[in-house]
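Engineer: Use these hints to put chain R onto chain Z, whose structure you have.
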Amino acid sequence: MKSTFTLQSLPELMELLNAIPHGVVLLDTDLCIVAMNRFLEAMTGFTAHEAVGVYGDFILRSNLSGNDQFCKKVLEDGQSVVRDGNIINKSRLIIPIHFTISRIVKEGRPTGVLIVLEDMSALQAAKVDYLGSKARSEIIGHSHQMEAIFELMAVLARTDASVLITGETGTGKDQIAEQLHKSSSRARQPFVKVNCGALPEALLESELFGHVKGAFTGALNDHVGMFRLADKGTIFLTEIGDLSLQLQVKLLSVLDDQEFYPVGSSKKVSVNVRVIAATHRTLKEEVLRGRFREDLYYRLNVLHLHMPPLRERDGDVRLLLDYFLRHFSEALGKNFQGFSRKAIKLLTHYSYPGNVRELRNIVEYAVNICQQAQIDVEDLPQFVVKPPPQVPRQPAIHAQSLTSSIFPDSSAARSISSWAEVEKQKIMDTLKQTGGKRSEAAELLGWGRTTLWRKLKKYGLN
Amino acid sequence: MKILITVRGDFIAPRFDLTAEVIVATCYDHQLLEEPRSIILSEFSAEKMCDLVLKENINVVVCGAIEEKHYQFLTWKKIAVIDSVIGPFKDAMELAVINTLASGSILPGANLSGVTS
Chain Z
1 MKSTFTLQSL PELMELLNAI PHGVVLLDTD LCIVAMNRFL EAMTGFTAHE
51 AVGVYGDFIL RSNLSGNDQF CKKVLEDGQS VVRDGNIINK SRLIIPIHFT
101 ISRIVKEGRP TGVLIVLEDM SALQAAKVDY LGSKARSEII GHSHQMEAIF
151 ELMAVLARTD ASVLITGETG TGKDQIAEQL HKSSSRARQP FVKVNCGALP
201 EALLESELFG HVKGAFTGAL NDHVGMFRLA DKGTIFLTEI GDLSLQLQVK
251 LLSVLDDQEF YPVGSSKKVS VNVRVIAATH RTLKEEVLRG RFREDLYYRL
301 NVLHLHMPPL RERDGDVRLL LDYFLRHFSE ALGKNFQGFS RKAIKLLTHY
351 SYPGNVRELR NIVEYAVNIC QQAQIDVEDL PQFVVKPPPQ VPRQPAIHAQ
401 SLTSSIFPDS SAARSISSWA EVEKQKIMDT LKQTGGKRSE AAELLGWGRT
451 TLWRKLKKYG LN
Chain R
1 MKILITVRGD FIAPRFDLTA EVIVATCYDH QLLEEPRSII LSEFSAEKMC
51 DLVLKENINV VVCGAIEEKH YQFLTWKKIA VIDSVIGPFK DAMELAVINT
101 LASGSILPGA NLSGVTS
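Taken in sequence, the protein lines are chains Z and R.
For the first sequence, this note's numbering assigns the number 1 to the initial residue and increments by one for each residue that follows.
For the second sequence, this note's numbering assigns the number 1 to the initial residue and increments by one for each residue that follows.
This is chain Z alone, in the form it adopts within the complex (with noise of 0.2 Å):
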């Protein structure tokens, strides 16, 4: 055993190793044991004794694709290495082992390798726990829904894979994608979000894959993009269904590759980030009018989650009835005794068209109003006490539907596909209804006769 270390030391080294609660193993520069603390012996089922001047790899037997070869790069460049791996013991109990290897050198040359193993198998059954937990939360729920939900959750977590997080407004897709980031392997890099909606779509270019200083008018200094701000994390693209076809183009090779070039680029960017997408919208009807790719639909569209509108989560309603009573009346210092009979008969036959969000902001409105110990129904807002005449919920209007609503003895209802085709037809009908006089088919279209004019050129029905 060529070792570089002496002898004198070894004791007093033994000593400073087994005072670390971590297993920790020296080798010297032929990669052989010179000492390892009592740690690692009860990690490995191997005494020092017999441990000290084998080759480590055969006492270590970890899964770092040959271990050694860790160890040589380590040794020749002494750039530390940290790696998550595995070990098997004597015992052949697999062991979660977050590896730390490390150069020691000594007058000026590398006189061995220092390995930490930290086992990680208490932290990991902690975070199986963790993620079963804190997938739910922040999110307040018991029906079989969302149980379902929670359920889903976990199992997404665990991947990489796109997520598309489908939902009415106010159902609460922007604290499932937080929470799926939270909950994953990426938790500790960051979660972008991103909403397609909110900006121009020149702008959003921009805004996503960042642009290099010049690439256009106040294009002052190069900006980074999302993409690369949610580097080795998550970004969420919410309102994805409101991105323009363009961009969507820009957005699946990004998907495909991981690669795309910031605008006004040469140099192509690689990134590695996981996508999470929301949208109210229904995109399979969407892909189907020519608003969005099919291809990015279905790239989108491997791990699906729908959030069920609160109408249809038995029992939530009175779940987040109190939580909110509680979160409000703790934040404005009040100590309210809940809902009167009536105003809870009321709020839990409340059809919640916004879902949680209106919930709780009926619930935040009722407890700034509410003067008495009891939340009652003159505290509550208006359109909940006298609701609006109902205009018939259509969620995501389905084109067919809706021409054969517009048309219903017209031929061509079925076939159309678009509202530019809808609203021609429209156009068609009236003037064929007014026997070709624009002016009265614009007035019971409802529309000026320059309005109609351009439609018509538009069309070209001239």
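Wrong hints could be hidden among the right ones.
Within a straight-line C-alpha distance of at most 16 Å, the following computed EDC-like cross-link-like pairs (lysine to aspartate or glutamate) qualify [stated by the list, open to error]:
#, chain 1, residue 1, chain 2, residue 2
1, R, 90, R, 34
2, Z, 90, R, 67
3, Z, 90, R, 68
4, Z, 458, Z, 423
5, Z, 250, Z, 294
6, R, 2, R, 47
By construction, these hints were calculated from the structure, which means they are not laboratory data.
Structural biologist: Below, chain R alone, put in the same frame as chain Z:
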């Protein structure tokens, strides 16, 4: 009796599940019957290794670290597993042929420095 040894270079592979090469030897009455043959595996997989052991009608497996579930599977299939063996595979084979190799043995060659992977 057929012996299978998981190898890496001239040594017993440290991990059963990360082995790319095995040596299969046939012996009778404490002597090798033929030149041991080497089998190169296309990928690392403990499951495929277990399949190979069954397919080759192996009686004794000599390896380094093996997971409990694979150990249990092989012993359930009436295959003797001598695990946690460290050292040159040739020495291990000689000892296995004469039936004196035990689990956890660290053979003298393992102390040699300059082992290549």
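Engineer: Tell me, which hint numbers fail for this structure?
Structural biologist: As far as the earlier hints go, only 6 is violated by this structure.
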